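S.K.: So for the sequence shown, our numbering puts the first residue at 1; every next one is plus one.
Derived from the structure by calculation, the hints contain no laboratory data.
You may find that some hints are simply not true.
What the hints assert, rightly or not - Okay, derived cross-link-like pairs now, DSS-like style, lysine-lysine, Cα gap no bigger than 30 angstroms in a straight line:
{"id": "1", "residue 1": "Lys58", "residue 2": "Lys127"}
{"id": "2", "residue 1": "Lys129", "residue 2": "Lys87"}
{"id": "3", "residue 1": "Lys57", "residue 2": "Lys87"}
{"id": "4", "residue 1": "Lys131", "residue 2": "Lys57"}
{"id": "5", "residue 1": "Lys58", "residue 2": "Lys113"}
{"id": "6", "residue 1": "Lys52", "residue 2": "Lys129"}
{"id": "7", "residue 1": "Lys58", "residue 2": "Lys87"}
{"id": "8", "residue 1": "Lys58", "residue 2": "Lys131"}
{"id": "9", "residue 1": "Lys113", "residue 2": "Lys162"}
{"id": "10", "residue 1": "Lys127", "residue 2": "Lys162"}
{"id": "11", "residue 1": "Lys162", "residue 2": "Lys87"}
{"id": "12", "residue 1": "Lys162", "residue 2": "Lys129"}
{"id": "13", "residue 1": "Lys131", "residue 2": "Lys162"}
{"id": "14", "residue 1": "Lys52", "residue 2": "Lys87"}
{"id": "15", "residue 1": "Lys87", "residue 2": "Lys131"}
{"id": "16", "residue 1": "Lys52", "residue 2": "Lys127"}
{"id": "17", "residue 1": "Lys113", "residue 2": "Lys87"}
{"id": "18", "residue 1": "Lys113", "residue 2": "Lys127"}
{"id": "19", "residue 1": "Lys131", "residue 2": "Lys52"}
{"id": "20", "residue 1": "Lys127", "residue 2": "Lys87"}
{"id": "21", "residue 1": "Lys113", "residue 2": "Lys52"}
{"id": "22", "residue 1": "Lys113", "residue 2": "Lys129"}
{"id": "23", "residue 1": "Lys57", "residue 2": "Lys162"}
{"id": "24", "residue 1": "Lys129", "residue 2": "Lys57"}
{"id": "25", "residue 1": "Lys57", "residue 2": "Lys127"}
{"id": "26", "residue 1": "Lys58", "residue 2": "Lys129"}
{"id": "27", "residue 1": "Lys131", "residue 2": "Lys113"}
{"id": "28", "residue 1": "Lys162", "residue 2": "Lys58"}
Stated by the list, open to error - Across the chosen pairs, the derived CB separations fall in these ranges:
{"id": "29", "residue 1": "His83", "residue 2": "Ser146", "range": "18 to 24 angstroms"}
{"id": "30", "residue 1": "Gly108", "residue 2": "Lys87", "range": "22 to 28 angstroms"}
{"id": "31", "residue 1": "Leu165", "residue 2": "Thr56", "range": "16 to 22 angstroms"}
What you are looking at is a predicted structure, and each value in this text was computed from that prediction instead of being measured.
Positions of the beta carbon are idealized from the N, C-alpha and C atoms, including for glycine.
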Amino acid sequence: MFKDLILYHKESNLHERLHINKVINTKLIDNIAELRKSEFPIIFKSNIILRKIVETKKAHIITNCEEIFQHDSINSRNSGVDHIICKLASFNNIAFAFNFNLVLRNSGQRRAKILGRMIQNVILFRKYKVKMILTSLATNEYELRSQDALRSFGSVIGMSPKETLDATQYVTMMFSKV
1 MFKDLILYHK ESNLHERLHI NKVINTKLID NIAELRKSEF PIIFKSNIIL RKIVETKKAH
61 IITNCEEIFQ HDSINSRNSG VDHIICKLAS FNNIAFAFNF NLVLRNSGQR RAKILGRMIQ
121 NVILFRKYKV KMILTSLATN EYELRSQDAL RSFGSVIGMS PKETLDATQY VTMMFSKV
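Please model the complete structure; the sequences and the hints are all you need to start from.
M.R.: Printed below as a string of structure tokens:
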């Protein structure tokens, strides 16, 4: 079990229930520069300023990039990531996390749209060699998923078996360095 965790914003008291010792709560982009020097991994929830975050090397992991745009264009999906962001993320060693909880909490057309965006992002991340992470990002103990379930989710969104194995072990390796 992990002992420390850094959250972009505190949504619940999950850290208390999981017995996590340290939670750093930040909302301003300028404060993140100091956190990059810390020994703890930094996780960002993606938003409109994604390119600024990727360019300035202030994050280790970015999640929920599939939620940036509400509507897709007629001929393509707006998955939140383009080739420029992928090149920068690969160069700056920033990983993108696929949030299973995002799929779990939605249903119907919204879930299908999110899965389609995730499939598109897997193709882009593979092409530009961006590190991918599979995570549940649960807000309560009932939303937690095992590594096997996350690997199955990875194969659904188009990852190869080796990519799913690497994606579930990347965070463990990151925290073991701490």
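S.K.: Run the distance test for Lys57 versus Lys127: straight-line Cα separation, threshold 30 angstroms.
M.R.: holds, 21 angstroms
S.K.: Below or equal to 30 angstroms on CA atoms is what counts here, so check Lys131 against Lys52.
M.R.: holds, 18 angstroms
S.K.: Below or equal to 30 angstroms on CA atoms is what counts here, so check Lys127 against Lys162.
M.R.: Holds, at roughly 15 angstroms.
S.K.: Please work out if Lys131 and Lys57 have their alpha carbons no farther apart than 30 angstroms.
M.R.: holds, 14 angstroms
S.K.: Assess, step by step, whether the Cα of Lys52 is no farther than 30 angstroms from the Cα of Lys127, and give holds or violated.
M.R.: Measuring from Cα to Cα gives roughly 22 angstroms; hence the hint holds.
S.K.: For the range 22 to 28 angstroms, tell me whether the beta carbons of Gly108 and Lys87 fit it or not.
M.R.: violated, 34 angstroms
S.K.: Would you mind confirming whether the straight-line C-alpha gap from Lys58 to Lys127 stays at or under 30 angstroms?
M.R.: holds, 23 angstroms
S.K.: Would the hint linking Lys57 and Lys162 be met if the CA-CA limit is 30 angstroms?
M.R.: Holds: Lys57 and Lys162 sit about 27 angstroms apart, inside 30 angstroms.
S.K.: If you draw a straight line from the CA of Lys58 to the CA of Lys129, is it 30 angstroms or shorter?
M.R.: Holds - the C-alpha atoms of Lys129 and Lys58 are around 19 angstroms apart, at most 30 angstroms.
S.K.: What's the verdict on Lys113 and Lys127, does the C-alpha distance respect the 30 angstroms limit or exceed it?
M.R.: Distance ~21 angstroms between Lys113 and Lys127 Cα, so the pair holds.
S.K.: Straight-line Cα separation of Lys131 and Lys162 no greater than 30 angstroms?
M.R.: holds, 12 angstroms
S.K.: Taken at face value, is the distance from the CA of Lys87 to the CA of Lys57 at most 30 angstroms?
M.R.: Judged against 30 angstroms, a Cα distance of about 13 angstroms means the pair holds.
In summary, the numbered hints that this structure violates are 29, 30 and 31.
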